[in-house]
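Undergrad: Listed here are the chains, written in short residue letters.
Number of protein chains: 4
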Amino acid sequence: MLRYWTAGESHGKTLLAMVDGFPAGLTLETDSIDNELARRQGGYGRGGRQRIETDKVEILTGVWKNTTLGSPITLQVVNRDYKLERLGDLERPRPGHGDLTGAVKFLGPIRAILERASARETAVRVAAGALSKQLLGAFGIQVIGFVRELGGIVVDGEEGDLEQQKQLRDQSIVYTLDPTRDDEIKELIDKTGKSGDTLGGVVEVRVEGLPFGLGTHAQWDRKLDGRIAQAVMAVQAIKGVEIGMGFEAARRPGSQVHDAIVYDESQQDGPNLGYTRPTNNAGGLEAGMTNGQPLIVRAAKKPISTLRKGLDSVNLNTKQPEAAEYERSDVCAVSAASVIVENVVAFEVAGALVEKFGNDSMDELQARWDLFHDMAKRR
Amino acid sequence: MLRYWTAGESHGKTLLAMVDGFPAGLTLETDSIDNELARRQGGYGRGGRQRIETDKVEILTGVWKNTTLGSPITLQVVNRDYKLERLGDLERPRPGHGDLTGAVKFLGPIRAILERASARETAVRVAAGALSKQLLGAFGIQVIGFVRELGGIVVDGEEGDLEQQKQLRDQSIVYTLDPTRDDEIKELIDKTGKSGDTLGGVVEVRVEGLPFGLGTHAQWDRKLDGRIAQAVMAVQAIKGVEIGMGFEAARRPGSQVHDAIVYDESQQDGPNLGYTRPTNNAGGLEAGMTNGQPLIVRAAKKPISTLRKGLDSVNLNTKQPEAAEYERSDVCAVSAASVIVENVVAFEVAGALVEKFGNDSMDELQARWDLFHDMAKRR
Amino acid sequence: MLRYWTAGESHGKTLLAMVDGFPAGLTLETDSIDNELARRQGGYGRGGRQRIETDKVEILTGVWKNTTLGSPITLQVVNRDYKLERLGDLERPRPGHGDLTGAVKFLGPIRAILERASARETAVRVAAGALSKQLLGAFGIQVIGFVRELGGIVVDGEEGDLEQQKQLRDQSIVYTLDPTRDDEIKELIDKTGKSGDTLGGVVEVRVEGLPFGLGTHAQWDRKLDGRIAQAVMAVQAIKGVEIGMGFEAARRPGSQVHDAIVYDESQQDGPNLGYTRPTNNAGGLEAGMTNGQPLIVRAAKKPISTLRKGLDSVNLNTKQPEAAEYERSDVCAVSAASVIVENVVAFEVAGALVEKFGNDSMDELQARWDLFHDMAKRR
Amino acid sequence: MLRYWTAGESHGKTLLAMVDGFPAGLTLETDSIDNELARRQGGYGRGGRQRIETDKVEILTGVWKNTTLGSPITLQVVNRDYKLERLGDLERPRPGHGDLTGAVKFLGPIRAILERASARETAVRVAAGALSKQLLGAFGIQVIGFVRELGGIVVDGEEGDLEQQKQLRDQSIVYTLDPTRDDEIKELIDKTGKSGDTLGGVVEVRVEGLPFGLGTHAQWDRKLDGRIAQAVMAVQAIKGVEIGMGFEAARRPGSQVHDAIVYDESQQDGPNLGYTRPTNNAGGLEAGMTNGQPLIVRAAKKPISTLRKGLDSVNLNTKQPEAAEYERSDVCAVSAASVIVENVVAFEVAGALVEKFGNDSMDELQARWDLFHDMAKRR
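Protein chains in written order, with the working numbering: chain A, 1 to 379; chain B, 1 to 379; chain C, 1 to 379; chain D, 1 to 379.
These are calculated hints, taken from the structure and not from any lab test. Hints are supplied without guarantee of correctness; some may be wrong.
Any copy, or any two copies together, can satisfy a pair, since identical chains are not distinguished.
[Said to hold, decoys possible] The list that follows gives simulated cross-link-like pairs (lysine-lysine, BS3-like), each with its CA atoms no further than 25 Å apart:
| id | residue 1 | residue 2 |
| --- | --- | --- |
| 1 | K377 | K319 |
| 2 | K65 | K83 |
| 3 | K65 | K166 |
| 4 | K186 | K166 |
| 5 | K191 | K83 |
| 6 | K309 | K186 |
| 7 | K166 | K377 |
| 8 | K56 | K83 |
| 9 | K56 | K194 |
| 10 | K191 | K319 |
| 11 | K83 | K194 |
| 12 | K309 | K319 |
| 13 | K166 | K56 |
| 14 | K309 | K194 |
| 15 | K186 | K83 |
| 16 | K191 | K13 |
| 17 | K65 | K191 |
Every value quoted in this text rests on a predicted model; they were computed, and no experiment measured them.
So here's chain A without its partners, still in its complex pose:
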């Protein structure tokens, strides 16, 4: 079992992720984690906070000579903008945030809620996911996340293999797969920002090189599609999750949805064992299990809830109508969301991998990977 929690407030000392159940014997590097943290801070339309922070991960526990010990790994991202103790409470809850509901639920200050509900927390969710990608990488499993829609602008294009797609994405300032669309999108963001408004979008994650049988059909709470949906929907501002063809599958007849099975002997030594699919509308998951095809997950991010032009709210003390408070924020964080969703999906996939192949030592996991594929071929 691979599991993690996070801790930390938006303006507190530090953010932490504690990862339990990570296999021993994997040599880690922090550059790729820092790279994901930097990508999370990037995109176009970000606000002042990202100029203050330059997130770097520190591995506090679980590692010796850069190699995992099998004991819990703690990842820390220190807040430069630590000022929680100097901050006061708010009176006018911001719609779209947890301000009002949290203040009621906990019978306390809004500050107590927003500091934890803030998307600042996603820095360490990204760190945990980036850690898990090093585990996936040891098995040749690759993950990419990118922006599919931004403020209504749809960006198609997924030519080339995953490596080429990464290059395209990294050339795009907003993390789409088509950098030639950047100007159009920047213009929209600029215009929206000037009007004091905000934007959302749709992000997509693909995982390639997956074996058969991560997840299970046997019990509802162990199905991998459910677990991924939980992890993604629990990301701040996400309001929708879909797998493969998703909502579009609801609109087509079955003959245009289900992916035929074809046997291609030349691929029998790959993770799909030779079973290919001309289409991948299932998005790599059937009956809660990976089916040897790429995993495809999309998520809908609502626009930033903090609007410079203010939203109608109420003063909790007077109950009189007032504009919501404004705490420094972004115009658009869809690019960041693509990084966050990519990494929480990666973590769930790594969890399912460990459930299938064990979590003692990398040597044993890799031998079991080979063993399983040998046995599966002979089935």
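Fit chains B, C and D to the known structure of chain A by using the hints.
TA: Just chains B, C and D now, with coordinates in the frame of chain A:
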């Protein structure tokens, strides 16, 4: 903590749901559970299995004189069509099902997978949800599920209150809120069935009368939006989940998404404590917590994976291309899905209710409900 | 992950255990489960209930042609003495039972508590354990439980191997390893019964053939010693648990406690890989992991809480002193406890086995067992 | 749900405990946590490590202006003796430790195991427990831990109330309730240390002021006795746990074990609601629930596994017999164990409190406490 598992195979003796953590002292009746079971079997376009079964729930444990004991409640739905021991294995996996991937994962027969992966299991997920609705009902919380889209036909219309909507839905043979659209839909189903094809759709669930603060923002795995997404996506054939405005929220500016906060003193004794929203695009959830507004969840169901006209597949023994096996199936089960999703959402909400208000005795829960609302009003 | 819950009341229709995460492909038989159920009903000094019931297990789900499917397995033991609906409440709580505390906690009837708190529930905990012993047996892991003390009479003697010990135990009417002591013990039970009193005792469980490394040191809630302690202490009437030398280890210097490590090449192909210990005071567990030696667990069972001669109590309605109610009971159930503790320990060990070796298919588990031992030898 | 994990290695940078589910609105102070940390380092017979470290807790997350936010609380104890990166591996596993079994399980270095298996980790388990005692204290629940036996020397004496017992304990250099026995015990420790040997002992924990009904009888994995047993047995070097009369209860007739129920109107406003017991052999737990009496838990700690005089072992590389490695250690850490066990028990009790009364805000919890006692009195 309220939790449940299910057990049972499609053609096995029986299906069971074991529910742990249900409060003591609630007087149960089984009619409303049976009603949900019958609704799950209904709709238009269903196949032969539904004619064989007439699902009735039996409460095996946890109840004395129709009242819950606080001990685990086991719900049983016996399979009339019990014939598992007479059935053999399959050779040609059906695309869209877990046949191929399960056979590889477990290195065994396809039969072993399909019997458990089958949507027949949802009968007891519905039973567990229907049980939990009796708990919700004791607090005035009402739940409705209906069909929003079927095979691409969108059915709007949500006039009236939830009770009136239930009446409309129950008049519709396909469980939409507009029975006048039934003929159009039946025609599509008939036409599709004749062509050997199948249909999917979009279902919607609404929960009204919710208090503030079910779920939490504090840890990712306790956020209610995430938990609902897991429960829904883990339903057979569901490929997408959205809350409130969902994917549409990703396409609009923030000023057209976030729900202004208005204080209406006349509602201060209701569960929303007077805090109303002119819109409910958040679908009742902000920062992973209920915000006093109706919960709105939608799910995309793919078309039935078993097509009479067959899909391209492979014989696992010969590796030669053959048509997929055909096991008796429906043309369309979107109406059933609306019942299933309604009930799994209800269960998660009941779980969050119990997490907030406790799970010892109904008397204590109800006193705490009043206590919380008194304290929240004075906050 | 292997996990289970139970459901059912003492005089309800039925008792159930739902086991989730059991590997596919194991051929089951019910005789050995029934045998454990019969042993649980046996011993000397048992009361009327055991004459009414002749417990037999029924496997309701998870099996096809006697082989596990990988889906949840439900075990049922039907109560012949089903009469819950005819029973009334109690007024005078019985000390040692949950009567008083449960009635207060749940603000309800005593009947609601005692029906679930009753040791009758252990029938299905035994069934789940007996099921898991079939899994252990496939790896050559053997389990024995027996009575070590009864009412203060200590019975030593553990000559021979585990198979011979089982024969001795099965010759003893009270399940000790020395049937020649039976008369002495029967006399004590008879005398105690006549005086209206009851007896407890100490039971012991041994597990042989264990590999290295079940459990882990890495996180407190995954240590196997802790998990076993929970499972055992959660058995009705158990008030103490110890592993290996247990409390005696607290009284000796370290040089007389810790087990030297010796390498014996002739055993290198066994599960201990050649690492033997002249003593086994650790009881097979070091740092929360199995160490290749037999697991030894002992548990203290308090005397039956229901005394025919009555204990001082209070009428809950009048608050006046009265004798506690008497519900039919035994004089001594230590023999039964030896069966129960044996089986709950077996379940935890099977859970740890599955955590180390996976829970997909038996074929894969067994191949991984061999693989691990090969790799460990070459470490 | 209140839950926690720890992370950190013995000679790593830092130790951390992450506590999730702690209620909002409790004003914390760190002095009482530091006091427990200091007590854990104390006692007589401790080695060099304790002279290097002066453990202080730092609260990294979850607090604003000294008040809990309801978000996860991270407790940090920095290792002064951080030198992990300079340390090498061991070749000769130390009996009693996880060295051999961990090296086999993880197919890796002994160092990887011992750094995490070390009792150094208990510093943050103590910190988490000490935090939870502040929660318990807000309800008038008091906890004490002390040494009951050391190296076979039994120390009776529990005169006075819990406050007076704390004073006596704090006067005793080895944390017994009778400081007049200190010299005798010191002499034994000195003698043992000179001979290169080590000592264990028995520790006891009492919790007073508990309400009825923490824990439950309804499902085996939620019984409080089981949870406490797990938490205690999972403490390094603990080999036995007992509750109340424990193993002695197994040796007496029921009439000398079970605690009569007496109603004393004068106590009806206390947490026991007037239901007193002339004896408390059950140790405050019946049927897995607190019964209004003091909770009593005892644990057996084996002697320190690292002996200066060395134990017989094997060189893992050569398989030749050699003396086990010696890493700096203590002669006796029973006093420390009394602090550790006290705090892990406190945490489990706090967890059960939160399960019964909720974990949103302290204001709500306290109102619910009053509400429950009012309702229970009127039952």
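Undergrad: Decide, hint by hint, whether the structure agrees.
TA: Results of checking the hints against the structure:
1. K377 with K319: Intra 68 Å, inter 11 Å, cutoff 25 Å: inter-copy only.
2. K65 with K83: between (34 Å within a copy, 11 Å between copies)
3. K65 with K166: Answer is neither; intra-copy 30 Å and inter-copy 44 Å both fail.
4. K186 with K166: Classified as within: same-chain Cα gap 20 Å, cross-chain 46 Å, threshold 25 Å.
5. K191 with K83: neither (32 Å within a copy, 55 Å between copies)
6. K309 with K186: Cα proximity of K309 and K186: one copy only (20 Å, versus 49 Å across).
7. K166 with K377: neither (32 Å within a copy, 43 Å between copies)
8. K56 with K83: For K56 and K83, both the intra-copy (19 Å) and inter-copy (23 Å) Cα distances are at most 25 Å.
9. K56 with K194: Classified as neither; 31 Å inside a copy, 50 Å across copies.
10. K191 with K319: neither (34 Å within a copy, 57 Å between copies)
11. K83 with K194: neither (29 Å within a copy, 54 Å between copies)
12. K309 with K319: For K309 and K319, the Cα distance is within 25 Å only inside one copy (21 Å; across copies 63 Å).
13. K166 with K56: within (22 Å within a copy, 46 Å between copies)
14. K309 with K194: Cα proximity of K309 and K194: one copy only (10 Å, versus 56 Å across).
15. K186 with K83: Neither, since 32 Å and 50 Å both go past 25 Å.
16. K191 with K13: Classified as neither; 35 Å inside a copy, 48 Å across copies.
17. K65 with K191: Neither: 50 Å inside a chain and 40 Å across chains, both beyond 25 Å.
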